[in-house]
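Student: Please model the entire structure based on the sequences and the hints provided.
Top to bottom, those sequences are chains B and Z.
When you line the first sequence up against the working numbering, it's residues 1 to 384, in that order.
When you line the second sequence up against the working numbering, it's residues 1001 to 1299, in that order.
Note that these hints are calculated values from the structure, not bench results.
Don't take every hint at face value.
To be verified - With beta-carbon atoms standing in for the labels, derived distance ranges:
#1 Z:P1157 with B:K323: 53 to 59 Å
#2 Z:C1096 with B:A365: 46 to 52 Å
#3 Z:V1017 with B:L211: 19 to 25 Å
#4 Z:D1270 with B:V276: 52 to 58 Å
#5 B:E250 with Z:H1012: 30 to 36 Å
As the list claims (entries may be wrong) - To be clear about the criterion: a stretch of chain B counts as covered by chain Z if any three or more of its residues have a C-beta under 8 Å from a C-beta of chain Z, and this derived list gives those stretches:
#6 59-66
#7 219-232
On a predicted model such as this, the values are computed, not experimentally measured, just so you know.
Heads up, the beta-carbon is just placed ideally off N, CA and C, and yes, glycines get one too.
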Amino acid sequence: METESGVLTGEHFLSGNEACAEGALAAGCRFFAGYPITPSTEVAEHLAERLPEVGGIFIQMEDELASMNAILGAAWAGQKTMSATSGPGFSLMMENFGLGVMTETPCVIVNVQRGGPSTGLPTLVGQADMMQARWGSHGPYEVIALSPSSPQECFDFTIKAFNLSEQYRTPVLVMSDEVVGHMTEKVVIPSADKIKLTQRRTPRVPPDKYLPYEPDPDGVPQMAIAGQGYRMHITGLTHDIKGYPVITEEAQVALIERLVQKIRKNRDKIEEYEEVECEGADVIVCSYGISARISQLAVETARAEGMKVGVLRLIVAWPFPEKKIDELAGKVKGFVVPEINCGQMVLEVERCAHGKAKVILVPHAGGGTHNPDKILDAIRRAAA
Amino acid sequence: MIEQQTCTMVEHHPMDVLLRQDRIPHIWCSGCGLGTSLTAFISAVKDSGIPLDKMSVVSGIGCTGRVAGYLNLDSFHTTHGRALPFAVGLHLGNPCLKVIVFSGDGDLIAIGGNHFIHSARRNMDMTVICVNNFNYGMTGGQGAPTTPIGAKSTTTPYGNFEFPFSIPYLAAASGATYVARWTSLDTRRLKKSMQEAILKRGFSVVEVISPCPTLYGRFNRLGTGLDMLKTYQENTVIKHGADPASVAIGKDGKIIVGKFVDIERPTFLDMMKQGLGAKFKIPCLERDVDKTEIPREDE
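Tutor: Structure (structure tokens):
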């Protein structure tokens, strides 16, 4: 049963990609701009059908550069906006992801990761865009990225991504992957009144008093929308609190410091992970997305063999849970990090473990998921 | 009896209401045509009758890209080439807004060329003001997709040997409903065209041929900004309704100006409404401005 709010309340059998689309609608997204790309296309296809039903707009743009810009433009028209893509399109979006960060524009981008580099493996899984998610656009900035492991989480985390983007006024990434995007499972969609939504803070002052980039105490400024008389100027150039370009070292330091700190200072509120049996563990398997699910068999086998294995599953991959890893590193023998790339998030685990524990990468170049035996082998080595 | 006229001092320039005073002086060079283009634009905006709070201007990067920053409207200075897709989002996010893209030839036709043809193809209901100075001014005078054959720039030191785009032809062929070209010398006609374009339903394009004496003019020995305007004066030919295929600009020779295209064609949202039928729920398709009468000037 659908309510006017676009929430498809009930139990459904949905793919991860469809669940992302429904999550967006439930979060209040009424504008989607995208470009077809495997394995994310179902997000666009689903929204092409669903958005008109709820008074929203779906547009297929000429490329991902355009898609990214269109969702920024629509966000300034007051909409909650989203795009979805995969590796090659994600690379194109990076240009104006930076514009979104710089202009503090809330929006959500779903990246259904596939094997790369370049065209790579369009139909097969990868998790190799995790560092691109963190650093892919030029310049210094912080990013928020979530990593779903199931269709249910695709639904839940897309809503979470919208809430974070509205809260912190920044583009937020949902780093899904081909397996999670295409697997079909039960997805429970609650009634609209059970879904907690965050809305961007709008100006609390009249236009003549409004300064577009004067931050609230948490570092986040109030956001006017076009057409309401605020007559704001928004630029990708380094700017002052009026939003005017100022090409100086001082302006750069002040702006970037705030953009970075609005995420860093709030990281305790943003970071999220799932901890299973980490207390008293000798080995922690730290993973995310589909690799976290694949690890489960290895973890259970290791426990049956008598090893004390905990699981730290990243829900929010960026900002990375630095303190948690540091704290665990002092108590365990080692970390095992399975991921479908040649070593990305493992670098963060190593950095945050500060040499206090072994860190073992279980790499996979992509195209498939890990053989759990390899993860089990790494757990044994970590425990030794 | 002759009535005595008295002069009164006014504290503000009539353009002030649309300029961000705290951002003046602007960065443009002496002799550049951007000031005139902006003046014509401001007059067109004021006379269009569209409430200023409902108007947004989007620019890309470059000398012309700075226009958005001087206008006291909701104004967006986006990335290089991306003004149009940003504007598409803004327009579809709130169709009640009048969205105008004001940018340069390199921004709109080179790096943003794909967005330009696709926005025209879809007939997005917005206006594009494209200031064409035949080169990249902001980065020091490099060749552009508009640089005429034989013209020199820092990246065409032996003279340009690439075929250029003719902007009106590209716009018309891609589906624009309104296409006009003037030089920055034709201030009154330019203003009138801008006003018509702003009030036109569909994808309307006004190309402004503009002197860049600092770079393009210097490399090609075209003299000062004033000399370049004199050249325009001597070499422009007004040909309303000219076939857009026939208005290409060479290094020397005549510049054909005028209103080339003024047709009716359903906009993107008109087509969406037709295509979606009862499912179409987007409000605000009929802007009040569609009923505004355009003041006519005698030619």
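Student: May I ask which of the numbered hints given earlier this structure violates, with the numbers listed in increasing order?
Tutor: none
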